[in-house]
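Undergrad: Chain residues, written in single-letter form:
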Amino acid sequence: MKRKALTILSFITIAVWLSGCATTGPAKPVPYRLTQQGTVIWEDEFEFLPPPPNWKLLRVEEEGGDINFGFIRDDPGGFPSMTSFAYDEEPFGCSAQFEGREREFFKRFLFNAIVQFQELERKKVQVVGAEGLALTVEGKDPVKKEKVRARVVFGKRGDRIVGFYITQWRPIDGTYDLSAFDVFDKFVASFKFLKKSFYETL
Amino acid sequence: MEGHQRNLYLYDRFNARVLGVSRDDTITLKYFAKSLDLTFPLLSNVTGFLGFYFHCQPDGKPIFSRRTVVIDKTGTIRYVRDGSPDFKDILLFLKKLNQEGGKS
Numbered sequence: 001m002k003r004k005a006l007t008i009l010s011f012i013t014i015a016v017w018l019s020g021c022a023t024t025g026p027a028k029p030v031p032y033r034l035t036q037q038g039t040v041i042w043e044d045e046f047e048f049l050p051p052p053p054n055w056k057l058l059r060v061e062e063e064g065g066d067i068n069f070g071f072i073r074d075d076p077g078g079f080p081s082m083t084s085f086a087y088d089e090e091p092f093g094c095s096a097q098f099e100g101r102e103r104e105f106f107k108r109f110l111f112n113a114i115v116q117f118q119e120l121e122r123k124k125v126q127v128v129g130a131e132g133l134a135l136t137v138e139g140k141d142p143v144k145k146e147k148v149r150a151r152v153v154f155g156k157r158g159d160r161i162v163g164f165y166i167t168q169w170r171p172i173d174g175t176y177d178l179s180a181f182d183v184f185d186k187f188v189a190s191f192k193f194l195k196k197s198f199y200e201t202l
Numbered sequence: 001m002e003g004h005q006r007n008l009y010l011y012d013r014f015n016a017r018v019l020g021v022s023r024d025d026t027i028t029l030k031y032f033a034k035s036l037d038l039t040f041p042l043l044s045n046v047t048g049f050l051g052f053y054f055h056c057q058p059d060g061k062p063i064f065s066r067r068t069v070v071i072d073k074t075g076t077i078r079y080v081r082d083g084s085p086d087f088k089d090i091l092l093f094l095k096k097l098n099q100e101g102g103k104s
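Chains as they are written, first to last, in our numbering: chain A, 1 to 202; chain B, 1 to 104.
Since the hints were derived computationally from the structure, they do not count as laboratory data.
Glycine included, every Cβ here is placed at the ideal spot set by N, Cα and C.
Check the hints yourself; a few may be wrong.
Facing chain B, from chain A, some residues (calculated, C-beta under 7 angstroms) [unchecked claim]:
1. Cys94
2. Glu104
3. Phe117
4. Leu202
Far from chain B by the CB rule (all over 12 angstroms, computed), these chain A residues [claimed, not checked]:
5. Phe46
6. Phe48
7. Asn54
8. Leu57
9. Ala86
10. Val125
11. Val148
No farther apart than 20 angstroms at their CA atoms in a straight line, the calculated lysine to aspartate or glutamate pairs in the EDC-like style are these [what the hints assert, rightly or not]:
12. B:Lys88 / A:Asp159
13. B:Lys88 / A:Glu45
14. A:Lys124 / A:Asp88
15. A:Lys107 / B:Glu2
16. A:Lys192 / A:Asp74
17. B:Lys95 / A:Asp159
18. B:Lys34 / A:Glu99
If we strip away everything but chain A, and leave its shape as in the complex, we get:
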C-alpha cells in the first residue's frame, strides 16, 4: 500500500513538474501589425512602408518612453560594412527650427566615431505632411580607415522636431550601396502619424 502511494505521489510530482515546464507565461506582444496594403502600423501611432525582409528590426528603449526604432542590415565586405536607419522622436538638440536643430544635431550625431562631416546635399522635402529638411553627409575616419555616408531628414510633429536618419558604414576604400538610401527614402515618404503625440495632447 505504501509503495502504491509512493508511486502515485511520484506521478503527481512529475505531472506538476511537467506542467510547470509547459507554462512559459504570456508571450510579449509585438509593437506592430501588418496591413493588407503592406504597410506596418507601429503601436497604433505610426504607419510606414517596411524595408525588404533582409533588414532586421532595431529597437532602442529610451528612458522616458520616447519612441526610437529602426532597421539594420549587414552588408557584404566585412566590418564595418553595415547600414541602419531609424525614426527618432527626439533627435539630438533642442531647437524647434530646422537650421538650429541641424547645427545642434551634428554636434553629437555619431559622436563616438569622431568623424568630420562634409555636407553633400541639402534640400527641402515634404515629410509627414509638411515641409522638412534633408541633409546628406559623408564622414571619414582616416585613423580607423572607415567612412560613413548618412542622410538625415528633419520633420515636424506638432511643435517638435522629429528625425529620420540612415547611416552606411564602409571601409575607407569601399563602395556605398545607394539602393539602401532608396529604401530609406521610401520609408520616410510613407511615414504617417496616426494620432497626436503625447506632447500635443498636453
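Go by the hints and put chain B onto chain A.
TA: Coordinates of chain B only, in the frame set by chain A:
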C-alpha cells in the same frame, strides 16, 4: 538637460521654471550649457550643501546623484524622483499641479 530645454515651452505653459544644480564650478557649467545650447539657469554648488539638503549627496563622492525635485510656489516639495528624468511623468505632474491652482 537637453530634454528640459526641449520642454521649456511646455514648462512655460504650466507656469513652471526649471533650473539645474551641480557641484561643478561655474566655468565648467558655462561650457556645459554652451555645448548643449541650454538657456535655463544652472547653479554651481561646489560645497555641495544642496545635495545634503535634498538627500542626493552620496557619502564620499564629489558629485550629486541624479534627482528631480518639483517645488511649488509655497516652497513645498511636491515631487521627487531619482535617476534620469522621466520627462513625460514630469510634464503630466506639472500639468496637474497647474490645474490645481497654479501653485507650481
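Undergrad: Run every hint past the structure and note whether it holds.
TA: Results of checking the hints against the structure:
{"no.": "1", "hint": "Cys94", "result": "holds, 4 angstroms"}
{"no.": "2", "hint": "Glu104", "result": "holds, 6 angstroms"}
{"no.": "3", "hint": "Phe117", "result": "violated, 17 angstroms"}
{"no.": "4", "hint": "Leu202", "result": "holds, 6 angstroms"}
{"no.": "5", "hint": "Phe46", "result": "holds, 17 angstroms"}
{"no.": "6", "hint": "Phe48", "result": "holds, 23 angstroms"}
{"no.": "7", "hint": "Asn54", "result": "holds, 34 angstroms"}
{"no.": "8", "hint": "Leu57", "result": "holds, 24 angstroms"}
{"no.": "9", "hint": "Ala86", "result": "holds, 18 angstroms"}
{"no.": "10", "hint": "Val125", "result": "holds, 23 angstroms"}
{"no.": "11", "hint": "Val148", "result": "holds, 22 angstroms"}
{"no.": "12", "hint": "B:Lys88 / A:Asp159", "result": "holds, 16 angstroms"}
{"no.": "13", "hint": "B:Lys88 / A:Glu45", "result": "holds, 17 angstroms"}
{"no.": "14", "hint": "A:Lys124 / A:Asp88", "result": "holds, 19 angstroms"}
{"no.": "15", "hint": "A:Lys107 / B:Glu2", "result": "holds, 13 angstroms"}
{"no.": "16", "hint": "A:Lys192 / A:Asp74", "result": "violated, 27 angstroms"}
{"no.": "17", "hint": "B:Lys95 / A:Asp159", "result": "holds, 17 angstroms"}
{"no.": "18", "hint": "B:Lys34 / A:Glu99", "result": "holds, 17 angstroms"}
Against the hints set out earlier in the document, violations occur for numbers 3, 16.
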